[in-house]
Structure formats: structure tokens, C-alpha cells
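Construct the complete structure from the given sequences, taking the supplied hints into account.
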Amino acid sequence: MITDFVSYIIQGTATTVGVALVALPSGLLVGLGLALLNIYGGLWMRRFSAVYSLLMRGVPPIVLLFILYFVLSGNLINLEPFWAGSMSLGIVSSAYQMEILRGALLSVSGEQMTAARAIGMSRWKAIRFIILPQAIRLAIPPWSNEASVVLKDSSLVYALGVPEILRRAQQLSATSQQPFLAFGTAALIYFVLVFATNRLLDYVSERSKLPTQPV
Amino acid sequence: MESNVILQAKNLTKIYGNNVIFKDISLDVNQGETIVIIGPSGTGKSTLLRCMNLLTKPNSGQVFLDGKEITCKDCNEDVVRQHIGMVFQNFLLFNHLTALDNVMVGLTRVKGMKKPQALEKAMHELSRVGLADRAGHYPGQLSGGQQQRVAIARALAMDPRMMLFDEPTSALDPELIGEVLNVMGQLARDRMTMVMVTHEMGFAREVADRIVFMEKGSIVEQGSPDELFNHPQHDRTREFLWKITELYGSKEKQKGGQ
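Top line first, the protein sequences correspond to chains A and B. Taken in order, the first sequence gives residues 1 to 215; the numbers are from our numbering. Taken in order, the second sequence gives residues 216 to 473; the numbers are from our numbering.
Don't read these hints as lab results, they were simulated from the structure. Accuracy of the hints is not assured; some may be wrong.
[Stated by the list, open to error] Mimicking BS3-like on lysine-lysine, the simulated pairs with C-alpha atoms at most 30 angstroms apart in a straight line are:
{"#": "1", "chain 1": "A", "residue 1": "K125", "chain 2": "B", "residue 2": "K336"}
{"#": "2", "chain 1": "B", "residue 1": "K288", "chain 2": "A", "residue 2": "K125"}
{"#": "3", "chain 1": "B", "residue 1": "K329", "chain 2": "A", "residue 2": "K125"}
{"#": "4", "chain 1": "B", "residue 1": "K283", "chain 2": "A", "residue 2": "K125"}
{"#": "5", "chain 1": "B", "residue 1": "K431", "chain 2": "A", "residue 2": "K125"}
{"#": "6", "chain 1": "A", "residue 1": "K209", "chain 2": "B", "residue 2": "K283"}
Given below as C-alpha cells:
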């Protein structure tokens, strides 16, 4: 039955969304930390984060995914494929999110820091209460782009055997000889997910815009 | 006259690379005094101001606030800056905060004041600069003059021992300068201790207790407005003032008659 067929693939949606929901926030956390270290952390931290970013962005995500998977799911640490896969994607994404946040942080004028320090704020407080809130607003549009990349790249964990959308579509395609229906359904689900995410973030971006018009 | 020194700058020198900004400058700021620093651009006036609250570190020399050195290695500069308010040429309001929050943020995040008290204090400071009705507006919704007045309120809210003004009206449209000068003039009359860099000579003459003329990284001469404007001792001072008055001639002549 075609409804059974389609619903089998749709059941993978929760896993796909789950992978993205682990990868994006963990990538954000690590990326934010690295961006702050890159800008405010002194010479060695700047070098470290720059090299990290270069390496992570210079290798195909699927290759990193395999390497990280065998680290996270090896003898020392033994995570399930879902967690190992999502966290690996998070690490890959952290480098891109670092660059997004770095750009946003640098776009906030250095004079905002001066003004914050002038009323007696420590560097850290100035970053937290003055610089970051402005940088995050600037980061939302490029971050929306990264969110859709991570959503789509979540399909890579299929290679680790995680039963997400693509994995299920591939199984059905093999058993039913209906590749177009199987992968077409997968494509449609991905599209809806990415579209909805981008619209949501557009809305957030619009809502967080600072008023400039005189009232 | 018994004078009570609030801030003392001693033999300050600032060098950027091979460029000596100023050398061996000393200046005492007395309680309740309004000092106006004038001089051609590039003579280190703004840098001197920034050395006073340690936004820029002098290469050598010391600064004392209420008799205590603030340039020492383990001095807490964040605490020092709470006591020295600063107003910038470009206002530098926090763009993501309303006028009220701009004034409040130092109270809540730096002084650790509770929200209700901070709100009350911030509203009081906004009223002082005549902007209570703009409390909910973001910087992008305010005119330059209004932004600068919020910036003054933000600095005043910290109850500073003294205020520094770095060309506070230089970035303003001419018709907005007056509202900012009015606020500053009121502060001078309230005997707030102030050091300002400005090119508003009419204003300087009106409110200053002391005018300091700086050129090429050193203080050429200083004195009361009358001494400096009417009886300058140095040729350079005379030349500078002559150029400035030529520029703002008509305005000066009107005020000069009083």
C-alpha cells in the first residue's frame, strides 16, 4: 500500500529532526565558545580556533563524520549511532557556526565595547550584555542558512545506519523497486522541513529587528 | 582658595608606535571645577581624556583619583570607571536597548541595583536631561541631540565623582547642539566636576572655570576664560583663538558684549 510506504519514510522524520536538534545546539555552543575565544581570547586561542575552523571546513562532512564516528563510537567512548552521528555533525557545524558568530561579533562596532567599559562593565559583562545581544540579531539570517545545511546534512548519518528519512527511503527503494516514489517522498519531507525552518527564522529575525523609524 | 583635588594626572606620556601623542602632561582637576581643553586637532586632547579613565593606558605617568593611584598594576579599572563618567563624540548608546535600559544597564549589571530602584533612578536621570517622555525609544528612533542627552544620563546614573566629555557636540547638527550644551551648562552650575574637550568657544567661555590650551602634545598655557581669551600669554594661543573666532566670529561678537 502506498500509504504504508509513505508513512514508513515519514516515521524517519522524528529521527532526522532529532539529529538536527542535537547537532545545531551543540554546534552553536561550541561555535559560540570558539568565536569568543577567537576574538577575545588572545593569540593562542585565536590560532587554535582558526586552525580548528580551517580543518573542519576543509574536509567533506561525510569524511569527518566517519572519523568522528569511530572516535565517539569506539572502544573508549561508546555512543549509539544516533548520538555519535548527531554529535559528529554538531562538531562539523560548530566550525561554520563559529565563523557566522565571529562575523556577527566583529560587525558590532568596537566602540560599543568602549562605551560599556566606560560605565565600569568588565570585559565579560560587556560581551554578555552589550555585544552578544547585538551580534545574535545579526547572526540570525546566516544562521538560518546553516540550520538548513545541518537539516540536509543530517541525511549523512544514514551511512552510520541511523534509521532517518534517507535510510528508510533507501531501504524501500531497494525492496520495492520504486526509487522515484521513495526518494521523492524523502525529498519532499526535507524540503518541507527546510522551508519551515527558514520561515520560522525569518520571522524571528523580523521580530528581533531594532526599530529605527521615529515614532 | 582651598582646593580639593579629585583627579590628578602626573607626568602622563602616551606614545603610539613612533608617534608621541603627548609628553609629560600634568593636570589637577579640583572638586566642582569645569575644565575645558582646547587646541588644534591631533594634539592629544581626546587621548588625554581617555587616559584619565584608563580607556587608554598611558605609557608612563600616574593618575590619582581622590588621592589613590588608579594606574597601578593591580588597580581595578572597572571600579575606577564607575566613578568617572564619560560622554563620547558619537554618543555610543547601546543600540539594542531603549533609552531607559541604556541608563539602567549600568545600575543593574555593574552596581547590582535591584530593578525597581534602578528604574526609578534611571527615570530620574532621564528627566534631568529632559527625556522622560522618550524612555521607551531605541537609539535609532532618537535624534543625535536626544541620543547624546541619553548618553549623559547614562553616565550620570552611576553617580560619578566627575565627568569627561570628549567633543560631545562635534557630531551634531548645528540646531541640536544647544540642547546638549544646555544640559552640560546645568551640570556646571550644579558644580559637577567636569573635564571637556570642545570647540564650542562661546560655551567654554561661559561655563569654564579653567581653560587649558594644548598643542603638539603639551599644555601651552592654562587659566581662567578671561585670562586665556582676553590676555593670552603665548603667540600660539593667540593665533589659535584668532582662527577659531574668525571661524565663529559673529556668534562670538554677540556673546563678547555681555
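Checked hints:
Our distance criterion of 30 angstroms between C-alpha atoms is met by K125 (chain A) and K336 (chain B), whose separation comes to about 21 angstroms. About 21 angstroms separates the Cα atoms of K288 (chain B) and K125 (chain A), which keeps this hinted pair within 30 angstroms; it holds. At roughly 17 angstroms between alpha-carbon atoms, K329 (chain B) and K125 (chain A) fall within 30 angstroms of each other, so this suggested pair holds. Between the alpha carbons of K283 (chain B) and K125 (chain A) the distance comes to roughly 26 angstroms, so the proposed pair stays at or under 30 angstroms and holds.
A C-alpha spacing of about 37 angstroms is found between K431 (chain B) and K125 (chain A), which places the hinted pair above 30 angstroms, so the restraint is violated. Under the criterion of a C-alpha separation no larger than 30 angstroms, the hint pairing K209 (chain A) with K283 (chain B) is inconsistent with the structure, at around 45 angstroms.
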